[in-house]
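Add chains B and C to chain A, keeping to what the hints say.
Chains as they are written, first to last, in the working numbering: chain A, 165 to 920; chain B, 91 to 158; chain C, 191 to 458.
Everything labelled a hint here was simulated from the structure, so no lab data went into it. The model shown is predicted, which means the values in this text are computed figures rather than measured ones. All C-beta atoms in this analysis are idealised placements derived from N, C-alpha and C, irrespective of residue type, glycine included.
Label pairs and their computed distance ranges (CB to CB): (1) A/V180 with C/G442: 38 to 46 Å; (2) A/V903 with C/M406: 20 to 28 Å; (3) A/L189 with C/G442: 28 to 36 Å; (4) A/D585 with C/S203: 49 to 57 Å; (5) A/D187 with B/L132: 43 to 51 Å; (6) A/D194 with B/V139: 57 to 65 Å; (7) A/T797 with C/A242: 37 to 45 Å; (8) C/N304 with B/D104: 50 to 58 Å; (9) C/G440 with B/A144: 27 to 35 Å; (10) C/D257 with A/D585: 53 to 61 Å; (11) B/V139 with C/K430: 21 to 29 Å.
One side only, chain C facing chain B, incomplete, derived with CB under 7 Å: (12) G231; (13) T319; (14) I344; (15) V427.
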Amino acid sequence: MSQYIIPQMVYDDLEVFKKNHADFLAGTLDELTFKTMRVPFGVYEQREANTFMVRIKLAGGILTPVQLLSLASLAEKYAHEAIHITTRGGAQLHYVKIEDIISIIETLHSIGLSGRGGGGNTVRNIMADPLAGTAQDEVFDVSPYALALTSKMLEQKDSFALPRKFKITFSGSEADRGYATIHDVGFIAKIQDGIKGFKLFTAGGMGAKSRLGTKLRDFVPDTEVFLYSQAIKQVFDKYGNRKNKHAARLRFLFEDLGLEEFNKLLEVELNDVRAKGDWKMEIEAIERTVGDTTHEPFSVPKNISKWWNRYVYAQKQAGLYGCKVPVHLGDIHFENARALANALLLFGEDVLRFTGDQNLYIRNLTAHQMASLHDILQKFSVEVSKPTLFGDMVACTGAATCQLGIARPRGAVDAIQKRLDKLLDTKDYDLIQGFKIHLSGCPNSCGKHLIGDLGFFGKVQRHEGYSYPAYNVVAGSRTSGDGSVYAQKAGDVAAFHVPAFVEEVLDTWLNHVKAYESFADWIDDGGLAIITEISKKYVDIPSFKEDKNPYFDYDAVELFSSKGRGTGECSAGMYDLIEADKKALKEALEKEEKDFELIRLLSARMLLVTRGEDARDKAGVFKAFKTHFIDTTLLNAYFGTILEGDADEKAIELAEEVMKLYETMDHTLKFAKEKELVPKEEKSVHFKDLSGVACPMNFVKTKMELSKIKSGEILEILLDDGAPIDNVPKSVAGEGHKVEATTKEGNGWRVRIVKK
Amino acid sequence: MKLTINGDSKEIKDGIVLSELLIIENVEMPEMVSVQLNDEFLTKEEHAVTVLKAGDEINFLYFMGGGA
Amino acid sequence: MKEFSDEELERYSRHIILQDVGIEGQEKISNSKVLVIGAGGLGSPVALYLAAAGVGEIGIVDGDVVDLSNLQRQVIHATADIGVPKVLSAKAKMEAINPNTKVTVYQKFLDASNILEIVKGYDFVIDGTDNFSAKFLINDACILANVPYSHGGILRFGGQTMTIKPHESACYACVFDSPPPANAIPTCSSAGILGAVAGMLGTIQAAEALKYIVGMGEPLYNRLLTFDAKTMNFRNVNFKKNPKCRVCGGEGIKEIKDYEAVVCEAKL
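Bound-form chain A, shown alone (with noise of 0.2 Å):
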């Protein structure tokens, strides 16, 4: 069976790879420059320290049996056991120590795997519609394009070194099951006088300002697949934004730049690709090997009825099936892998698709080797024994590994999973087959819950001064080329109560499936206000000192915070929080009797979240606002002074200040004025707050700061009065540092050193 083809230059590189592999083992080659010699390879370093993950390429989440087996063995003597699915259809191995990476990359080359252009801003992997050459709907099988997409884009250097990453698909039918409306690139299988092409979209992505692609050209031939995609391409990485990685994407760069002037830049690059000659794609269809296709009569045992209408699909070749195996959270242990892999052999080489929604698909097997493998499927996950409503929920790992993380949406999946799994006596969930729950842990969209039936994306709440996770309820997606269209906003719930939300809104669905063909079309005909309605129901929790519990997230340890949590694409999430503050604060400016104290509390904490702080309670607020916001004369210090004492009528200059400035903020939450600061910076006066930090302490992290800067350059900090200003100063002297001012500041003292 045709599989991409890995250029030489990846061979070549392994053995300069190899090499850098051996210094850094013996601890010749530091970190840095090994890791930038690693990267290209598909290894990239996990959250723990020294360990490993490589990224597979599979291009349409093809693979064979006979790669299966290899991966199943790799999986097994390197990987922690698990082989995993990742949303865009290729694998990925965890868990893996740095001596086996080279052993790795070469069993992978020996089976036509790369992972050359897995992760980073490059372009991913190129993915296809899970039912490719086999759907009753589609045009015609789109698999092969991806495949020899994949091929020529990885002959490409600059498929390696974009402003950001670049995703592409393929979609079989308008039906789009490759969502090619929410890709850099995608197409959509169309025959038009005879020939075959595609319908183009571009510049489609979720996250931060999701958008849905434009379509381009409502028609190009599929020799031009490779002419379009990287002519778009490089308009992406000749105009992309390479200073701001969250306005990176093409998305931006073509909402910037109108259809128009992107189709003439694009003219521009179509004709530079068609220069250089070599674009035009030759496309051999995939010719599959097959076992025995006798077709013996066959009907479905009892014993299987349940599975097989749930999951099995009749193909669009007569006497073939299909079969769609939900995965947990994409990860197959490598004995499951392993026994698949050794039945499919018997049935041919293109049996088996990894897929972007994490799971498995089986393929060209006739119903008497479909049913075969029954025993073998239900050792894959428990969800294979339930409805698809179960195998068909999405979720990113939220903040429990990542650092954009607002809420924990694998807990919360866990959560809903637990609770109907307690109702299959009495509810009929196979009446509702297809139903898609999706949630993100915030508003970038890896968990695809713009494209859910029903979606949520974590937000933060506040109820009296403590925060706890929430979720954004979304509603009614469609997916079809021209016709798509996300999911619309519904209401909000605590994560405490989606469980409970979840069941009510299927109650509710159920008693209306009947009358409509499809969520979305219940949803646009009164559906979404009745969710609304139930929304309402969910929103509250009970405050902090009665029950702690709707302040925990779901696998949390530790009290809900969005404390540390990073600055990046997601920040979406914080403007909940800010808009939320703002409005209270317009409110309580528009009473006749005003309460100042509380517009002064609402002007310092409204914009402290862009900050990273998440204090509970004024005390808390206050310094915080003075830190961020008066130390950094963001904020002249006469509105530091408002704070100070009893709060009159002062609060509202506070008020109009703050909302003034957040006017200046623009989308990386950098205000106006923060960028006429940098210059200062630059020149080098460097700042560490450390009031509250008791000696020696105070003293240790000084010594810390001093450290990072260049002799004649200057650091202040911030010392409480007491011990801490009577011992540092001498004692940074003592070290030779010249103090050259110290200077009374609220209840403590600002420290003005010059390192030797």
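Leaving out everything else, chains B and C in the frame of chain A:
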């Protein structure tokens, strides 16, 4: 004559050779001590023929093989 | 520049406060690799203090298992460890003290066939062995591999130590030339040792290692520190590198070979 032995000043009779001093000082197993005379180490062969003179500084450095 | 975590800053705060150590010195300690040969009377305190100090990587060598008679002085081992390989018992304690330290164990005795390879990978070596053939072998290997090390020896109530910077300061053989004949000199096993003396000398060796790593103070180069715990007299004997030294002198040694093992018959 006055000698400095292991840092201590001592009155020792004139004209002796080093081997005799080792006996006088009750050095256990004298053949197995490393002897430093005025900053120089003496070989074992030199012990019997090195005549000491007033003001010499002598250090006896014992082998210590222990550590466990 | 290493960015120490708050945990590390607090853990090492009493080092960092020292002007001679500071952040830079602690960073050197955290990046250093020290090999401790012998996990016995000297190796115990050395390993404990170096782990506590935050030495980045500590290799520990010993082929023995813990014996009841060891526990009177080998403070890294516990009663429950009897029968356990010493290196494993030591590793567990070191990691318990400081999880930031990486401990590599060599459960073997060193000889001419393996010592150079192991010593080469370290910045500093501690001799905590209990016999002359090992002590001279370590000296030879460190001179050949150009790795500085701390010699240590104890006997009854006394101890001696010196720090050797190969080809710059006097080596062990500059002072003692070559091993004594078998059984001429008693070693601990046959002659006894006050347990605390092992601790006194081992901690001196640990301090020497840290001084060398950080580059502070005056290491025991070209002098032998000796003490007698009965009188508590400490003495430095000064000397110079011997140009005619059998090991590090003009001709010097070119290759490594084993010394005849000086096995103490009285050993229990």
